[in-house]
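Undergrad: Listed here are the chains, written in short residue letters.
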Amino acid sequence: MEEVKLFGYWVSPFCRSVEIALNIKGIQYEYIEEDLTNKSPQLLQYNPVYKKIPVLLHNGKPIVESMVILEYIDETWKNNPILPEDPFEKARARFWANFVDQKCFPALWKTIWSTSEQYEQNKAEALERLKVLENELGGKRFFGGDSIGMVDIVANFIGFSFRTIQEALKLDVFTEDNFPKLWEWAENFANCSPVKKCLPPQDKLIANFPPAYMGKTLVSSFQSRLQLQFHPPAAAK
Amino acid sequence: MATKPVKLLGFWDSPYVNRVQFALNLKSIDHEFIEENILSKSELLLRSNPVQKKIPVLIHGDEPICESLNIVQYIDEVWTDGPSILPSHPRDRAMSRFWAAYIDEKWLPLLWEVYEAKEEDSRTTLLEKVREGLVLLEAAFVKCSKGKAFFGGDSIGYLDIALGGCLGWLKGIEKLASVKLLDETKTPALLGWAETFCSNEAAKNVVPEPEKLNKCLKEFQAQAAAATK
Numbered sequence: 001m002e003e004v005k006l007f008g009y010w011v012s013p014f015c016r017s018v019e020i021a022l023n024i025k026g027i028q029y030e031y032i033e034e035d036l037t038n039k040s041p042q043l044l045q046y047n048p049v050y051k052k053i054p055v056l057l058h059n060g061k062p063i064v065e066s067m068v069i070l071e072y073i074d075e076t077w078k079n080n081p082i083l084p085e086d087p088f089e090k091a092r093a094r095f096w097a098n099f100v101d102q103k104c105f106p107a108l109w110k111t112i113w114s115t116s117e118q119y120e121q122n123k124a125e126a127l128e129r130l131k132v133l134e135n136e137l138g139g140k141r142f143f144g145g146d147s148i149g150m151v152d153i154v155a156n157f158i159g160f161s162f163r164t165i166q167e168a169l170k171l172d173v174f175t176e177d178n179f180p181k182l183w184e185w186a187e188n189f190a191n192c193s194p195v196k197k198c199l200p201p202q203d204k205l206i207a208n209f210p211p212a213y214m215g216k217t218l219v220s221s222f223q224s225r226l227q228l229q230f231h232p233p234a235a236a237k
Numbered sequence: 001m002a003t004k005p006v007k008l009l010g011f012w013d014s015p016y017v018n019r020v021q022f023a024l025n026l027k028s029i030d031h032e033f034i035e036e037n038i039l040s041k042s043e044l045l046l047r048s049n050p051v052q053k054k055i056p057v058l059i060h061g062d063e064p065i066c067e068s069l070n071i072v073q074y075i076d077e078v079w080t081d082g083p084s085i086l087p088s089h090p091r092d093r094a095m096s097r098f099w100a101a102y103i104d105e106k107w108l109p110l111l112w113e114v115y116e117a118k119e120e121d122s123r124t125t126l127l128e129k130v131r132e133g134l135v136l137l138e139a140a141f142v143k144c145s146k147g148k149a150f151f152g153g154d155s156i157g158y159l160d161i162a163l164g165g166c167l168g169w170l171k172g173i174e175k176l177a178s179v180k181l182l183d184e185t186k187t188p189a190l191l192g193w194a195e196t197f198c199s200n201e202a203a204k205n206v207v208p209e210p211e212k213l214n215k216c217l218k219e220f221q222a223q224a225a226a227a228t229k
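Protein sequence lines, in the order shown, are assigned to chains A and B.
Residue numbers for the first sequence, in the UniProt record's numbering: 1 to 237.
Residue numbers for the second sequence, in the UniProt record's numbering: 1 to 229.
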């Protein structure tokens with residue numbers, strides 16, 4: 001009997017990646033919401049190096065870091081693979097998943113935290129990254145082809161939460177006019193059943209990113225938890 | 001598939017390139033090494049890695065594969081005759097990937113920062129962080145190796161390659177700053193591992209010599225500074 005638990009935080013796109021992968025594979029799991037201002041002893045025990053979510057617990061053994069967890073899930077449960085079988089295509093998928101994780105997400109995240117002085121510069125960087133991604137998507141329905149794969153999963157933040165947050169904050173980074181292919185991808189992505197099952201409620205997301213907070217000093221407990229988790233970039237000198 | 005020609009774009013003093021060289025040597029893969037000039041990137045490099053414009057790039061046939069750890073996994077998956085680089089159990093693979101990612105995201109960048117540090121104080125702080133990371137990696141080594149010579153057990157594995165690539169810069173810094181980073185008290189197992197690794201066939205003509213490395217990096221820094229004026 002497989003026992004699978006996931007320690008997570010509802011807003012985290014890293015946690016969402018893992019949930020989507022588990023849903024694709026049809027794996028039953030117990031979800032445990034962490035309070036990031038008061039991390040549980042289990043979280044600290046299972047991830048002593050980073051002390052972060054997500055942590056996947058499989059038969060009592062922890063796996064940490066979302067990209068590592070995704071590969072683990074794909075190698076342990078062989079149905080509905082999220083990586084291609086061909087080594088070259090697999091290498092390409094890993095490359096693009098890394099690009100989204102290391103280059104796209106931070107750039108988009110910076111736009112959310114921008115002061116009005118920083119916004120245009122941060123937006124320019126984000127647009128550049130999204131353009132590269134749009135070119136890579138090309139005419140494909142998903143980055144994974146006909147069905148979602150690792151790159152789509154890792155890009156879940158672009159696929160759903162970012163559009164919701166940018167609307168709440170009245171940002172204009174990811175628009176249908178500028179990125180028509182990526183926009184269509186996002187619509188299709190958010191409608192896939194393994195993704196729909198674990199999306200955060202839109203109104204809850206909007207409620208936690210009110211326009212008033214853009215660029216302001218973090219004061220609310222939610223904002224502090226976000227800071228603890230995602231270490232937003234230092235303000236420009 | 002494994003018979004198509006193999007080219008590696010890189011330069012000899014890069015930890016990322018060294019990793020790929022270890023993997024190619026481990027699997028006895030014939031390849032052409034094309035030395036790049038980092039300040040004047042070749043057409044081939046820019047064409048093969050248009051997104052990051054960085055080395056290493058492995059070109060297999062006419063297909064480019066980028067990013068060192070990606071390339072190492074690719075080599076392991078295509079050339080299945082030679083010794084396996086990644087462990088076979090998913091949990092052990094996850095452990096290897098976790099520590100390789102730790103090295104790349106948290107630890108290896110510190111080494112370059114040491115080379116770039118202008119003031120003694122910042123260098124001292126950085127060296128302390130490097131040492132702290134090595135203590136974590138020592139514990140990881142003890143756990144992964146289970147008493148054997150390598151992270152991968154009896155033979156060189158993924159994590160050996162990931163950390164082994166860093167040995168050139170690590171030894172270079174020890175020489176440059178006249179410090180010991182791997183030492184008998186705090187990291188005895190890693191100290192032994194480093195020696196064993198560097199004398200292995202797959203690594204011995206790859207890991208740069210500290211003096212040669214430091215001279216080259218100093219020249220590079222001077223050229224890079226001149227280029228930005």
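Mixed in with the good hints there might be a few duds.
[As the list claims (entries may be wrong)] EDC-like mimics (lysine to aspartate or glutamate), calculated; alpha carbons at most 16 Å apart, straight line:
1) 140(A) - 101(A)
2) 103(A) - 62(B)
3) 27(B) - 77(B)
4) 143(B) - 128(B)
5) 180(B) - 201(B)
6) 181(A) - 120(A)
7) 170(A) - 120(A)
8) 61(A) - 195(B)
9) 103(A) - 104(B)
These aren't lab readings, by the way, just hints derived from the structure by calculation.
Undergrad: It remains to establish, for every hint, whether it holds in the given structure.
TA: How the hints compare with the structure:
1. The straight-line distance between the Cα atoms of residue 140(A) and residue 101(A) is roughly 20 Å, outside the 16 Å bound, and the hint therefore fails.
2. Straight-line distance between C-alpha atoms of residue 103(A) and residue 62(B) comes to about 26 Å, which puts the hinted pair past the 16 Å bound.
3. A C-alpha spacing of about 11 Å is found between residue 27(B) and residue 77(B), which places the hinted pair at or below 16 Å, so the restraint holds.
4. A C-alpha spacing of about 23 Å is found between residue 143(B) and residue 128(B), which places the hinted pair above 16 Å, so the restraint is violated.
5. Annotation: proposed proximity of residue 180(B) to residue 201(B) is violated, straight-line Cα distance about 25 Å (limit 16 Å).
6. About 23 Å separates the Cα atoms of residue 181(A) and residue 120(A), which puts this hinted pair outside 16 Å; it is violated.
7. Simply put, residue 170(A) and residue 120(A) have alpha-carbon atoms about 14 Å apart, close enough for the 16 Å limit, and the pair holds.
8. Restraint check: the Cα-Cα separation between residue 61(A) and residue 195(B) comes to about 32 Å, which exceeds 16 Å; the hinted pair is violated.
9. The suggested pairing of residue 103(A) with residue 104(B) holds, with an alpha-carbon distance near 15 Å, which does not exceed 16 Å.
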